[in-house]
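Given chain A's structure and the hints, the job is docking chain B onto it.
So the sequences go chain by chain: A and B.
Counting from 2, one number per residue, gives the positions in the first sequence under this note's numbering.
Counting from 2, one number per residue, gives the positions in the second sequence under this note's numbering.
Read the hints as simulated data drawn from the structure, not as lab findings.
Note that the Cβ used here is the ideal one computed from N, Cα and C, for glycine as well.
One or more hints might be untrue.
Part of the chain A face toward chain B, derived, beta carbon under 8 Å [to be verified]:
1) 21
2) 58
3) 77
2 protein chains.
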Amino acid sequence: MALVVQKFGGTSVGNADRIREVADHVRRCRDRGDQVVLVISAMGKETDELLALATAVSQTQPGREMDMLITAGERKACALVCMALHDLGVPADSLTGSQAGFITDTNHSNAKILEIVPHRVRAALDAGRVPVVAGAQGVSTDDDVTFLGRGGSDTTAVALAHTLNADACELYTDVSGVFTTDPRVCTDARKLLTISFDELLEMTAVGCPKPAMRSVEVAQNYGVKLHIRSAFTWEQGTWVAKEEPSMEQPIIRSVTPDTSEAKITIAGVADRPGVAAILFRELADAGVNVDMIVQNASERGITDISFTVPEGDIDMAERITRTVAEDIGATGVTADRAIARISLVGAGMKSHPGVAATMFETLSKHGINIEMISTSPIRISCVIRQDHADTATQALHQAFDLAQ
Amino acid sequence: MALVVQKFGGTSVGNADRIREVADHVRRCRDRGDQVVLVISAMGKETDELLALATAVSQTQPGREMDMLITAGERKACALVCMALHDLGVPADSLTGSQAGFITDTNHSNAKILEIVPHRVRAALDAGRVPVVAGAQGVSTDDDVTFLGRGGSDTTAVALAHTLNADACELYTDVSGVFTTDPRVCTDARKLLTISFDELLEMTAVGCPKPAMRSVEVAQNYGVKLHIRSAFTWEQGTWVAKEEPSMEQPIIRSVTPDTSEAKITIAGVADRPGVAAILFRELADAGVNVDMIVQNASERGITDISFTVPEGDIDMAERITRTVAEDIGATGVTADRAIARISLVGAGMKSHPGVAATMFETLSKHGINIEMISTSPIRISCVIRQDHADTATQALHQAFDLAQ
Numbered sequence: 002m003a004l005v006v007q008k009f010g011g012t013s014v015g016n017a018d019r020i021r022e023v024a025d026h027v028r029r030c031r032d033r034g035d036q037v038v039l040v041i042s043a044m045g046k047e048t049d050e051l052l053a054l055a056t057a058v059s060q061t062q063p064g065r066e067m068d069m070l071i072t073a074g075e076r077k078a079c080a081l082v083c084m085a086l087h088d089l090g091v092p093a094d095s096l097t098g099s100q101a102g103f104i105t106d107t108n109h110s111n112a113k114i115l116e117i118v119p120h121r122v123r124a125a126l127d128a129g130r131v132p133v134v135a136g137a138q139g140v141s142t143d144d145d146v147t148f149l150g151r152g153g154s155d156t157t158a159v160a161l162a163h164t165l166n167a168d169a170c171e172l173y174t175d176v177s178g179v180f181t182t183d184p185r186v187c188t189d190a191r192k193l194l195t196i197s198f199d200e201l202l203e204m205t206a207v208g209c210p211k212p213a214m215r216s217v218e219v220a221q222n223y224g225v226k227l228h229i230r231s232a233f234t235w236e237q238g239t240w241v242a243k244e245e246p247s248m249e250q251p252i253i254r255s256v257t258p259d260t261s262e263a264k265i266t267i268a269g270v271a272d273r274p275g276v277a278a279i280l281f282r283e284l285a286d287a288g289v290n291v292d293m294i295v296q297n298a299s300e301r302g303i304t305d306i307s308f309t310v311p312e313g314d315i316d317m318a319e320r321i322t323r324t325v326a327e328d329i330g331a332t333g334v335t336a337d338r339a340i341a342r343i344s345l346v347g348a349g350m351k352s353h354p355g356v357a358a359t360m361f362e363t364l365s366k367h368g369i370n371i372e373m374i375s376t377s378p379i380r381i382s383c384v385i386r387q388d389h390a391d392t393a394t395q396a397l398h399q400a401f402d403l404a405q
Numbered sequence: 002m003a004l005v006v007q008k009f010g011g012t013s014v015g016n017a018d019r020i021r022e023v024a025d026h027v028r029r030c031r032d033r034g035d036q037v038v039l040v041i042s043a044m045g046k047e048t049d050e051l052l053a054l055a056t057a058v059s060q061t062q063p064g065r066e067m068d069m070l071i072t073a074g075e076r077k078a079c080a081l082v083c084m085a086l087h088d089l090g091v092p093a094d095s096l097t098g099s100q101a102g103f104i105t106d107t108n109h110s111n112a113k114i115l116e117i118v119p120h121r122v123r124a125a126l127d128a129g130r131v132p133v134v135a136g137a138q139g140v141s142t143d144d145d146v147t148f149l150g151r152g153g154s155d156t157t158a159v160a161l162a163h164t165l166n167a168d169a170c171e172l173y174t175d176v177s178g179v180f181t182t183d184p185r186v187c188t189d190a191r192k193l194l195t196i197s198f199d200e201l202l203e204m205t206a207v208g209c210p211k212p213a214m215r216s217v218e219v220a221q222n223y224g225v226k227l228h229i230r231s232a233f234t235w236e237q238g239t240w241v242a243k244e245e246p247s248m249e250q251p252i253i254r255s256v257t258p259d260t261s262e263a264k265i266t267i268a269g270v271a272d273r274p275g276v277a278a279i280l281f282r283e284l285a286d287a288g289v290n291v292d293m294i295v296q297n298a299s300e301r302g303i304t305d306i307s308f309t310v311p312e313g314d315i316d317m318a319e320r321i322t323r324t325v326a327e328d329i330g331a332t333g334v335t336a337d338r339a340i341a342r343i344s345l346v347g348a349g350m351k352s353h354p355g356v357a358a359t360m361f362e363t364l365s366k367h368g369i370n371i372e373m374i375s376t377s378p379i380r381i382s383c384v385i386r387q388d389h390a391d392t393a394t395q396a397l398h399q400a401f402d403l404a405q
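For reference, chain A alone in the conformation it holds in the complex:
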């Protein structure tokens, strides 16, 4: 008998039919002898709708109240899933983040879990019932409702799986696993049966939409076995586990395109210590999530700095950068939304120095100019024009034989 934490959200519970299908899946798992703990996030686009409502009502949107608002979505979905389980004769109890024992810090809208005290989850399991936990929420040390942030339900599921010492944590989505690239761009994209935490982390960091990066970090830290799979086909998905050094590693696991970032360049910056620090401290204080940062080699003591930010942050980032540019006497600031970042990820890359060269050659062969480059031990990312994104993805997927 295995203990499995299963997480469902979004389109997986997007309407009444879907909720009943999820309930039926849980019933089948229990019939096979598994113990199931569910973590549920909001239905369909509900979180977006709640955010739109907040925008319509308020300009200040205080964090405490935003969290009270947003967490209502998870509670609704939780209660509905429980009802569907009851209909199938499966006893189930919905639990809010607070009832499930998620104690967090007081950092509203992006709270961190401090401790999980899952008495009521365990009590439900011991009574042969299915605990159905509202995702992405908890109660703060000030006794206020807190939200863990977008994608926080994945983190709820992983952290709970660790605390309960579960055999696996299954994250159900609308795709059937982790692919070698976006199947909408490359028809021959291939589902990976296994992937290492390091690889999946890099992929989620550069635009792979699921699962939420933070949940992968938590799973890696605590060694929680993750299974990314489909809530529509119910087929086996992708298992995420520790990298096994002995196994023959493919060089490249995936090509991950991402068109959700924008680029800012600040030109004519004096190349002396502390200048970059001023800029990126201002951006951090404003909550702008800076991703790639590239500073070109300096000539005559003058350099350019380029960095990428999520498209939604570009206006604020540009405003801040212009202010800083004046203060430090830079010569100009440009903002550019029409970029794409294409990344290659693979643990085998570490011992294969030729990967970067092949990537650059492939892009060059297709007439695609590279504007920024950044690398990690197991990833290479290039920023290119956005209208070249599909061509680049397809070319790289083929160049590295990922369809095989």
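Same frame as chain A, now just chain B:
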């Protein structure tokens, strides 16, 4: 400086504009020097939408899960009202039923308040902030989320006003007060400036839609000063207070029409002790809310029993009545949805025996047949054909000079 509990819900907070208007009203009240505690119920038709979702998902609809689902509506509205207040520079904190200290029994979907421990409400007031309490909800003695039932936010407001020893409890609605009759039926319906608890209770019991009857009972029991008023025009509404025996009482305060009930008649019942008890015990056990019961005088040891139930309960009531009819050897059961109940309410009626006669004469003069009659010390209700409801209401409103 007065302490006022103000309750808003439904259309009053039906969209972003309305929420901002409510916030602005609260700001004005505070600028005048009042301390304000808000009780908020769900936006617009949200509760109906949540119920429809539950119906789409589940047939069993377990009470614990229904309460988790439904209470999400109030939390959303609460958080949004707080945000709008923050925008106007009014510090405010949303509080769930649990956070506001509403301890209830475990009777899901219709929980009763056992105790209110409003530490956080008082702390917010002491800090010069507006506590914004989610209506119609609490936490049970089993630590589960509970819902007080439809209209429960009025009860939350009144009970909180009592506990805080507030100077008044204002129930804001989409009408500007309590009227002598339905203004949609009689154009000369007149708003009452004051009304007694007894009168308002009778009116809400026979179909006056607002406020919720239970809240009037609580207000009466604890002597909470109620003000029923408009969230759209903000004008003075109707004050509800203890009847003052010395004041010159108008005989009739209102004509209250109600077309939401249906009638069942069980015919040919043996007129012996215990027969009615069997029937109404079965109906009560099924949760059918029986209202008027009329048993005709018996001839030859055989009688007919008629009773009214909410239209939504008519199918279940008919089924149960047919089963009982067979058991007790009654000759037939008829169900009739096309009825209306017209009620006259007025504390002065007690000392004016001619009211019933005038009512019956007025109906007769308009060719309206009376099918059932029931009375209380301050109310007379007649069941008539539904298509006569408007005529009867207008005729009675005129006969008793209520437009003056």
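The hints, checked one at a time:
1. Interface restraint check for residue 21 of chain A: the shortest CB-CB distance to chain B comes to about 7 Å, inside 8 Å, so the restraint holds.
2. This hint holds: residue 58 of chain A has a C-beta 5 Å from the nearest C-beta of chain B, less than the 8 Å allowed.
3. Residue-level restraint check for residue 77 of chain A holds (minimum Cβ-Cβ distance to chain B is 5 Å; threshold 8 Å).
Of the hints listed earlier, there is not a single one the structure fails to meet.
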